[in-house]
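Chemist: Each chain is listed here by its residues.
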Amino acid sequence: MMPHIISWNAIVPRIKEFRETLFLLNKNKLTKAAIISLYILVFVAIFSPWIAPHPTHILLDTNPENKLLAPSAEYFFGTDELGRDIFSRVLYGTRISLQTGFLAVGISLLIGVPLGAIAGASSGWIDEVIMRITDVFLSFPGLLLAICIAAILGPSLQNAMFAIAVSWWPWYTRIVRGQAISLRERQFVKAARAIGTPHFKIIFSHIIPNCIAPVVVQASMDIGGVILTIAALSFLGLGAQPPTPEWGLMVSTSRTYFLSAWWYSFFPGMAILITVLLFNLLGDGLREVLDPKTRKK
Amino acid sequence: MENYFEIKNLQVNYRTYEGEKSVLNIERIVLEKGKTFGLVGESGAGKSILAQTILGVLPRPPGVIKGGSIFFNGEDLLLKSEKNMRKIRGKKIAMIFQDPMSTLNPVFTVGTQIVRVIRQNQGVNKKEAIKRAIEKIELVKIPDAEGIMDAYPHELSGGQRQRIIIAMALSCDAELLIADEPTRNLDVTIQAGILKLLSKLQKELHVTVLFIANNLGLVSATCDNLAMLHDGKIIEMGTTNEVLYNPQHPYTRAFIEAMPKDREHDCHLKRIFANSNPKEQFSGCQNVSLCLEKEDKCNLSVPVLKLYSGTHYVACHMA
Amino acid sequence: MRIFIVKRLLLGILVLFGVITVTFVLVRIIPSDPAAQWVGPRATVAQIEAARMELGLNDSVFVQYADFISDLMRGDLGKSIRTHQPVMKELKTFLPATLELVWISTFFGVFIGLYLGVLSAQRKDQWVDHLCRFFSVATVSIPSFWVGLLLQSVFYGHFDILPLGERLSMNVKLFNEIPDITGMLLFDSLITGNTVVFFDALKHLILPGFVMALFPIGLVARMTRSALLEILNEDYIVAARSYGLPERIIMWSYALKNSLGPTATVVTLAIGFTLVNTFLVESIFSWPGIGNYIASAIVSLDYPAIMGVTIFSAVSYVFLNLVADLVIALDPRVRI
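Residue numbers (my numbering), protein chains in the order written: chain R, 3 to 299; chain L, 122 to 440; chain D, 106 to 441.
Source of the hints: derived by calculation from the structure; they are not laboratory data.
Glycine included, C-beta positions come from ideal geometry on N, C-alpha and C.
Relax, there's no trap hidden among the hints.
Reference listing, derived: stretches of chain D covered by chain L, where coverage requires no fewer than 3 residues with Cβ under 8 Å from a Cβ of chain L:
no. : segment
1   : 331-340
2   : 352-364
Below, simulated DSS-like cross-link-like pairs (lysine-lysine); rule was C-alpha separation at most 30 Å, straight line:
no. : chain 1 : residue 1 : chain 2 : residue 2
3   : D       : Lys362    : L       : Lys248
4   : L       : Lys156    : L       : Lys208
5   : R       : Lys29     : D       : Lys229
Far from chain R, some chain D residues (derived; all Cβ distances over 10 Å):
no. : residue
6   : Ala156
7   : Gln190
8   : Phe213
9   : Phe280
10  : Leu307
11  : Ala434
Using the sequences and the hints given, assemble the complete structure.
Modeler: Here's what the structure looks like:
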């Protein structure tokens, strides 16, 4: 196996670029605030069972005598129709949303990246077939395909996650294919081919590792949208099932009571909005910083 | 006597992520009415920034005007509000841009664009504006003026586009024309045609021209006065004869020697001073590292523009 | 140019074919037995078998696929399991309400978005820009179903100035002749001069229309801003300024016309999204459109209905993309 020689001269500009990116990201106050808030969000997601004031209320503990209470010192966000503390449930919902969001994007990456690398590195009919399939998937509006698949697989959070992954992968296939096509012509790939490295080994050990960066950036921008889609599926009854404290599901259940208990729908919805907003702000900041056209500002 | 057009102590900075750096620092430029003034310097010297600053169209940010004044007919342009500047732009001062490929809006026909400029600046109705537009296109010697009116910029050749841009600048009936490297990106033969046209129009219409170029050859034939711009600073200034035949600054000399003269001999290029690296803090002459005629005093202080003889100014310790 | 259109159309047909095939495959891997659902829970084995025959479920997958395609060509999307009505007929009933909502909300959304985008680009890095940008990120991050509920509880629950849902009030429905020409109430009542119905329908449109307009506003504003910022750095804009053209013409004519390509793409994206967003919004506002139809179809696992709406949406989406490409091709710079 030919060693992959990396010269110092090739690395220095990358380090400089990375530091520049960090500098520019931090210079934008809005982006900086979003990054800090996201840290807090992740913290909440990890420690929610311990932070929650009423951890037993998260799932099944019901207190009918306390049902639909307005926000108070005891229940910051009020209580739901079973007398559960909405604040504790919303906190725990952070964990569910972040987890499913990251997993759904992860699965789409697992499907999309190898397909894109194969298409880009292979050319000819394999490329053609993969890209036409991608076109077909991209011509469904994202949510619609997810709804269809979730409806067919049956309602559950796992299925919703999988449905989203199935409707999301073509984006990554497109990006990776573009990268792979340019990599295909690079010296180290040609050299690997010249010494007889098998085709699929080239794809997995040379092409994929070298085109992962832009995909990861894109994926981090997508998480907001994915979390929103999961909430929407749960709202339609195709995602999380009771008693899971998933935000979309909570908003959906609150529909029966929302005219008399505004807090029931307000707080879970607000949690969705804030989380998605933070990820989108981060994505916007990244996009602006990484786009060469707007970079030098 | 009050000068027709005068720039005094103009300082322009650019804001980058590494901090602000000075891109223009001009002590003095004076334009006489009805004459052609040449401003010469290599790419990156700050010529286009100067042109944009005069017209008040410098993109800000990244540009920052730190101080100084630009007097035009006794009024300081830098103190004018955007609203008042708009009355000057086009109507009094017009500009011919360097890149004919990108100066015309690609999604409108040539006619639409000229007519709009004429209507804006001369306040006439559409019919009259179309008539005048055709006149201007004929003035810059493009055949089939009426046909050209309906063409999109990408359908024209480079030379035709540059002529259209000149027609557009003339459409304003301005008294001061700023020609920012009007012949860059054009073939040599087309260059000659455009230059001839420009100097002919200047004489016929009695306009003042600020001619910006990176080529001394172009300037020597058309300009009455000259200034050399290097690294945002004027290093030598005077009448064309004074600067061309009695250059005092080493940079000017190097620049002149770099001009191709005869086909037979001496066509090799001399090394010209590069523009300095803005990050370095240094108290002496910026050119000291590359200058062949330097002495100790060049390391100590920045040379200022001072009178050498007659109307000839030089910024060099050695002059 | 003509070759481009033909090529693009052929590609569109190919993609449509793929979409239909994917839908067919998806529906065929349903774990449940459509025949059993068709006849209901208390059916005998013989009844189920008869239903299998009737629905063609005993044929091979390829025969079923061929039948499916040929039915589709004749505009037959099968029968709804829930209502036993042809899906095509039901779509025709529910479509006008959805189209009215989508059309109006995208129309206003695009214009408000354009305006915000221009405003933001004009005042880059000033507080107006920050506000517009924050607003446009917020509108694409907001769960539409939640805003709908919130607005209902404020404008119906609290102030009681706007209706809760549906297209017309009960008393208007009872005491007025409801015009039915295109099925789009605003348009129909306007051309028949029926002001009572017009204003009642308008009142019912405000909340759902606003909720659906949010996404197009944000998307178009963001796109317009970034496209304009790029264009405003072009030489021809600096040139136009130096010829004394007013900022108004530079922004709204010189710059905006150049950003038409990306904006057109984004508008079609927005319409596509709005169409799917009806699935979430219509059920909240009891809006009798295809969104509400698919929402109830999902609950009762009515696959032919789900498939019908899917195919319809995908067809519109492919069509919209085609339109966007053609708009871009109209750009004089693009020589095809």
